[in-house]
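Using the hints provided, position chains C and W relative to the given structure of chain S.
Protein chains in written order, with the numbering used here: chain S, 9 to 316; chain C, 9 to 316; chain W, 9 to 316.
One or more of the hints may lead you astray.
Treat identical chains as interchangeable: a pair holds within one or across any two.
Mimicking DSS-like on lysine-lysine, the simulated pairs with C-alpha atoms at most 25 Å apart in a straight line are [said to hold, decoys possible]: (1) K24 to K158; (2) K158 to K219; (3) K158 to K131; (4) K47 to K313; (5) K47 to K131; (6) K131 to K161; (7) K161 to K219; (8) K24 to K208; (9) K47 to K87; (10) K219 to K99; (11) K94 to K313; (12) K94 to K212.
What the hints contain is simulated information worked out from the structure, not anything from laboratory work.
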Amino acid sequence: MGLSSNHLLGLKGVPKEDIQLILDTATTFREVLERPIKKVPTLQGKTIVNLFYENSTRTRLSFELAQKRLSADTINFTKSGSSAAKGESFKDTVRNIEAMKVDMIVCRHESAGIPKYLTQISKAKIINAGDGRHEHPTQGLLDMYSIREKVGKLEGLNICIVGDISHSRVALSNIYGLQTMGANVSVCGPSTMIPWDMEKFGVKVYNNIDKAMAENDVLNVLRIQLERDAGVLIPSVREYHNYFGITQERIDKNNPNVLILHPGPINRGVEISSEVADGSSQIILNQVTNGVAIRMAVLYLLGTKSEE
Amino acid sequence: MGLSSNHLLGLKGVPKEDIQLILDTATTFREVLERPIKKVPTLQGKTIVNLFYENSTRTRLSFELAQKRLSADTINFTKSGSSAAKGESFKDTVRNIEAMKVDMIVCRHESAGIPKYLTQISKAKIINAGDGRHEHPTQGLLDMYSIREKVGKLEGLNICIVGDISHSRVALSNIYGLQTMGANVSVCGPSTMIPWDMEKFGVKVYNNIDKAMAENDVLNVLRIQLERDAGVLIPSVREYHNYFGITQERIDKNNPNVLILHPGPINRGVEISSEVADGSSQIILNQVTNGVAIRMAVLYLLGTKSEE
Amino acid sequence: MGLSSNHLLGLKGVPKEDIQLILDTATTFREVLERPIKKVPTLQGKTIVNLFYENSTRTRLSFELAQKRLSADTINFTKSGSSAAKGESFKDTVRNIEAMKVDMIVCRHESAGIPKYLTQISKAKIINAGDGRHEHPTQGLLDMYSIREKVGKLEGLNICIVGDISHSRVALSNIYGLQTMGANVSVCGPSTMIPWDMEKFGVKVYNNIDKAMAENDVLNVLRIQLERDAGVLIPSVREYHNYFGITQERIDKNNPNVLILHPGPINRGVEISSEVADGSSQIILNQVTNGVAIRMAVLYLLGTKSEE
Chain S
9 MGLSSNHLLG
19 LKGVPKEDIQ
29 LILDTATTFR
39 EVLERPIKKV
49 PTLQGKTIVN
59 LFYENSTRTR
69 LSFELAQKRL
79 SADTINFTKS
89 GSSAAKGESF
99 KDTVRNIEAM
109 KVDMIVCRHE
119 SAGIPKYLTQ
129 ISKAKIINAG
139 DGRHEHPTQG
149 LLDMYSIREK
159 VGKLEGLNIC
169 IVGDISHSRV
179 ALSNIYGLQT
189 MGANVSVCGP
199 STMIPWDMEK
209 FGVKVYNNID
219 KAMAENDVLN
229 VLRIQLERDA
239 GVLIPSVREY
249 HNYFGITQER
259 IDKNNPNVLI
269 LHPGPINRGV
279 EISSEVADGS
289 SQIILNQVTN
299 GVAIRMAVLY
309 LLGTKSEE
Chain C
9 MGLSSNHLLG
19 LKGVPKEDIQ
29 LILDTATTFR
39 EVLERPIKKV
49 PTLQGKTIVN
59 LFYENSTRTR
69 LSFELAQKRL
79 SADTINFTKS
89 GSSAAKGESF
99 KDTVRNIEAM
109 KVDMIVCRHE
119 SAGIPKYLTQ
129 ISKAKIINAG
139 DGRHEHPTQG
149 LLDMYSIREK
159 VGKLEGLNIC
169 IVGDISHSRV
179 ALSNIYGLQT
189 MGANVSVCGP
199 STMIPWDMEK
209 FGVKVYNNID
219 KAMAENDVLN
229 VLRIQLERDA
239 GVLIPSVREY
249 HNYFGITQER
259 IDKNNPNVLI
269 LHPGPINRGV
279 EISSEVADGS
289 SQIILNQVTN
299 GVAIRMAVLY
309 LLGTKSEE
Chain W
9 MGLSSNHLLG
19 LKGVPKEDIQ
29 LILDTATTFR
39 EVLERPIKKV
49 PTLQGKTIVN
59 LFYENSTRTR
69 LSFELAQKRL
79 SADTINFTKS
89 GSSAAKGESF
99 KDTVRNIEAM
109 KVDMIVCRHE
119 SAGIPKYLTQ
129 ISKAKIINAG
139 DGRHEHPTQG
149 LLDMYSIREK
159 VGKLEGLNIC
169 IVGDISHSRV
179 ALSNIYGLQT
189 MGANVSVCGP
199 STMIPWDMEK
209 FGVKVYNNID
219 KAMAENDVLN
229 VLRIQLERDA
239 GVLIPSVREY
249 HNYFGITQER
259 IDKNNPNVLI
269 LHPGPINRGV
279 EISSEVADGS
289 SQIILNQVTN
299 GVAIRMAVLY
309 LLGTKSEE
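Looking at chain S on its own, in the form it has when it is part of the complex:
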């Protein structure tokens, strides 16, 4: 059986069987990554375009490595290299790229909904690599994979997402995916960073990090956008750290067994202390490794779909 959809636009509405299939397939590719020859010929002769209209290092690198390890041909296309400067519409740019016969498009864009729009104007299979404040499904999947790998299950776990929930596509993908897999999801952050209608997502809201830490098995700690948020959503970076920063002291006091995730890049001393970032509670670099495996799984499952 394959995935039920031709695209991966988000985790909202994705059936449990699909998520299960992606996580299980990623387990196989995770093993491939430990081999001396980290490469399989699965997508040979397929063309994948990485359409990144927003800066990205680790996500683009992770996708590019996943593609090369599946033997696909990859083309990188960034906004600065686009014909937008020549007055070409986004739609025309995409239709031109598609006319060169690409099989898949991995898209990151600052506007929510662009990956969905791509499915309407292109025949290629579309993977959302982050769109505005909407979703970042492969990040959600790699977080779930990493938790499952460490704890052995997702169902019944209490998992809290900490930070700026309002502006986070990582938070949204985690909420949808984890709830589908049977976890109890909550969020924690200052009120200025939590949507007022958060309850409609069926998640508990904490404003106290100590309480959140004590009552949850896992904390997924989001990055604070230093340049954007300080003085606006939060009084200062130091204040945020004092009230919501994850420190070893807090872990020791509230929940020594809590598992800490972070999507990176981390701000040491802001949302997470250096001690915790390098300590035994966290699995931050496992997430990075698993991200390649998850992306290989999604690319493989979508890329071979029509041939089943």
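Showing chains C and W alone in chain S's frame:
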């Protein structure tokens, strides 16, 4: 039999047999592009450098895809990444690149004649990807291929190139190539955009788009350089659209069977209306697809030449 | 037998057997570069990251070609594309890249010692592609290879490095490597460009180019950093050329058999005249070709080391 030359610098003087061979070879590669595995091992172990001293999206992407689908190793080299800033001469840069043992160089440059100069200082096979106002031979070839694919022939067809003929390397490559293949070529545009000595090319000159449309089977509509031309060569963009823009109304009135080509990127509402750009008279996206096949054909025919 | 180290950080302390092995292995790859199919499957499935925090054209190109010709998967990572702008530390960036399971990192950095630091924070094999004023070992190796190829040996040769010795990582790698191989190394330049404690390296110091040329078999002529040095370390570019520039006249007068090397990019008319740069005494473009072979040898020897 192979091509008569080791390089593709332009279509001027290229014999009919060579053009025929390229178009026929492209037909084979056009079929490869429809396969699930769009890749052949033909140029494995060959190194191709894309030397792009002028910005380009679709031409570079098209060449890069063609190269990867022929299994060549490709290196991109742009002006901004060059040693020119360190005071190195263009000749020394090229001889350094060549010393790394490259087989072919695909070159775009703002100065006419640079690709020919490359043949004098390098042993690599050279493909011109557009040099100043001189030629853009693979664009000419893909236009011819697309017309032949649609109409079934080139000989005897009346084909008019519309727009800024004076500054267009696309126009020149079309004129040379189409005339060799037996088409009757004409041009159409405001007088400020037509060279005063156009007759020496043996082409008819129209200043009236309605007349040009009525008397030709095919219009190849060039892009207006908005940022450069408005207020200089033409009073305004709107004025140009009124007098020379390709609209459905004009097509219906003058020649409902006319075939519309455009090298892209298109300016909707300037040289071509949105209705026509998306309508049934045009084959703009076919041109893009065929461009990959044409470039595969040229790369293949030149890349395997010495081994015949 | 393989190399004695897992990394190539510099030529200081590298045993003679290792240098010999690299030079001999490069001879094999030098032959591969003359074949129609310049590619071997040796590093298939290996991932190499080119971490270039300092601009580079020829070194990066040379490494990238070497990697592709060994069939490795390569990823380019530059400072501008890094997460440094998001406040991530260099260490965290590297550990993230490594977590994606890369086998080797080729690193250029403006700070001396960074490649060594990489060996402490990463499990990947590290190749120094130039770090500050410290070392540039593959340049040293390709210089040695090129001299040996031309003269037949290194032992007992008198070799003088000419130019800004104080700021040159090329000079240092040449001194260490050549001394290990039994050459008599000297340096020549204006006093402002020679470290005051040069004698501790066991090299003779010349301030007179005619004398240096007369007494040496080989001159390795360094590039003058025009933008940085004129008016500071030297009165003017013209003055430098008059006193230290390598001209045909000087060669004819002092030592018609002298062999001229230059790491490029060359400043014609500054440290070397155009006549000499294109003349029969120099092997500048051989160095470029040999550079690819040397890098293939180093990548191969390190990349296959654990499997021996």
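Here's how the hints hold up against the structure:
no., hint, result
1, K24 to K158, "within (20 Å within a copy, 48 Å between copies)"
2, K158 to K219, "within (23 Å within a copy, 70 Å between copies)"
3, K158 to K131, "between (38 Å within a copy, 23 Å between copies)"
4, K47 to K313, "both (20 Å within a copy, 19 Å between copies)"
5, K47 to K131, "between (27 Å within a copy, 19 Å between copies)"
6, K131 to K161, "neither (36 Å within a copy, 30 Å between copies)"
7, K161 to K219, "within (23 Å within a copy, 74 Å between copies)"
8, K24 to K208, "within (21 Å within a copy, 70 Å between copies)"
9, K47 to K87, "neither (30 Å within a copy, 27 Å between copies)"
10, K219 to K99, "neither (48 Å within a copy, 32 Å between copies)"
11, K94 to K313, "neither (36 Å within a copy, 37 Å between copies)"
12, K94 to K212, "neither (48 Å within a copy, 30 Å between copies)"
The structure fails to meet hints 6, 9, 10, 11, 12 from the earlier list, while all remaining hints are met.
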